[in-house]
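S.K.: Start from chain A and add chain B according to the hints.
Protein chains in written order, with our numbering: chain A, 1 to 60; chain B, 1001 to 1399.
Any given hint could turn out to be false.
[What the hints assert, rightly or not] Taking lysine-lysine and the PhoX-like style, the derived pairs with C-alpha atoms no more than 25 Å apart in a straight line are:
#1 B:K1246 - B:K1170
#2 B:K1205 - A:K3
#3 B:K1172 - B:K1161
#4 A:K4 - B:K1205
It should be emphasised that the hints constitute simulated quantities derived from the structure, not laboratory data.
Please read all numbers here as calculations on a predicted model, not as lab measurements.
Here's the letter readout for the chains.
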Amino acid sequence: MSKKVLVIEDNNDIRENVVEILELAGYSVEAASDGRAGVDLALKNIPDIILCDIMMPGAE
Amino acid sequence: MESIMENAALLKAIIENAIDGILTIDESGIVESINPAATKLFGYRPDEVIGKNVSMLMPQPYRVEHDGYIHRYQRTGVPHIIGTGREVIGLRKDGTQFPFRLAVSDVDFSGRKIYAGFIHDLSREKEAEEKLRDYAAHLEELVEERTHSLKESVEALQQAKEEVSLSLEKEKELGQLKSRFVSMASHEFRTPLSAIQLSASLIDKYAENFNNPNIAKHVAKIKNAIGNLTTILNDFLSLEKLEAGKVEPAFTKFDLIKLAEEITEEMQIVAKENQNIIYQHTGTTSVVNLDQNLLKNCIFNLISNAIKYSGENTFIEFNTEIAGQQCIITVKDNGIGIPEADQKYMFEAFFRAHNTGNIPGTGLGLNIVARYASLMNGKVDFKSVVNHGTSFTILFSLT
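For reference, chain A alone in the conformation it holds in the complex:
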């Protein structure tokens, strides 16, 4: 069972690239584009690690 990573990043290019790299490395990845959606995802399916950008809309 692969480790679960949650990526929270508002920039689409960066988020998609990070997700792709992590998937290539064999992780199971979920992504959100703002803090609120990230919190929702994290609560629904608790990840092993969260990679989160700082200073994003809805990230307080």
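M.R.: Same frame as chain A, but now just chain B:
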């Protein structure tokens, strides 16, 4: 008898030759005698005056009132001019007027009363007085003029001051605008740069199977260019934070050897082929009280300069030393060195030595190092010989 005659002659001579005018009138104001000085003053011949009312020598309104003055004195016995004298105005035959001092005495003579008037011309005095008054007025004008011009100067100065403070204000606003722009631009540039870097890594990954050295070469070039750009943007951001006074050192106690070993390891990865970073610590203790982040930044900067400006197959000596109350950090390379003429400008922002050729750089690194060191009460210095190498030291006092 003879002596009385002589006395009368003497008196007459005195009166005739007196400088002041003298005339006598009877109780009704009729002129009985007038001396040459008086006739000359009023411009009449004696026969034009004698037997006439003395008021002919006065301008209006005194002329019509003179009889009244005499009657009042005779009725009340209260003198207004007799015995004291005062300044009055005389009327010449030609109609002009002149000021004079009039002293009147009443004389009982041969059983009747006569009045003797002594006339002292004041024209000259008045003129002098007038001149003095004019002069005083002129002086006042001058003072006023000067005061006015002084006031104007003060106003001009005040205005200049306001203009200066206005341009200072504008400069400050421009500075803030520049700050906001640099910080916005640097942040906004870094985001797409990160995306490019990640894409380059992915291309690298996907291209592995093609086994094409050209793909690998160009991906490496992209990554290298991104690295340079990121360094520049980081320098800009650091400088901006320093300029805005936003960098505050947080002093903590930490192990200098541990930090230095970490840095050496990290820098060894980005060093050129066969460039070896040799780290060594001297001293029995290794704990310092500094800002770990700022110090790391300083050393990073110095070592990346050493890597950048020296060739492959060289050693970079990185030393830390704690001796007595001093901590000395040294980074020494065998690189291109700094020309002597450039050495005094090395810590100025955006300055680069003239022998850097096409080696990329902003000229900000050493400026930032010096400022970070100074925030931690340290001092940066260097020794350099062109084509032999450069040795940078940061000196901290541990007291």
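S.K.: Check the hint pairing K1205 of chain B with K3 of chain A against an upper bound of 25 Å on the C-alpha distance.
M.R.: holds, 21 Å
S.K.: Within a Cα-Cα threshold of 25 Å, do K1172 of chain B and K1161 of chain B meet the stated pairing?
M.R.: holds, 16 Å
S.K.: Holds or violated: K1246 of chain B and K1170 of chain B, Cα atoms, limit 25 Å.
M.R.: holds, 21 Å
S.K.: Check the hint pairing K4 of chain A with K1205 of chain B against an upper bound of 25 Å on the C-alpha distance.
M.R.: Satisfied, since the Cα-Cα distance of roughly 22 Å is no more than 25 Å.
Hint compliance for this structure: every hint is met.
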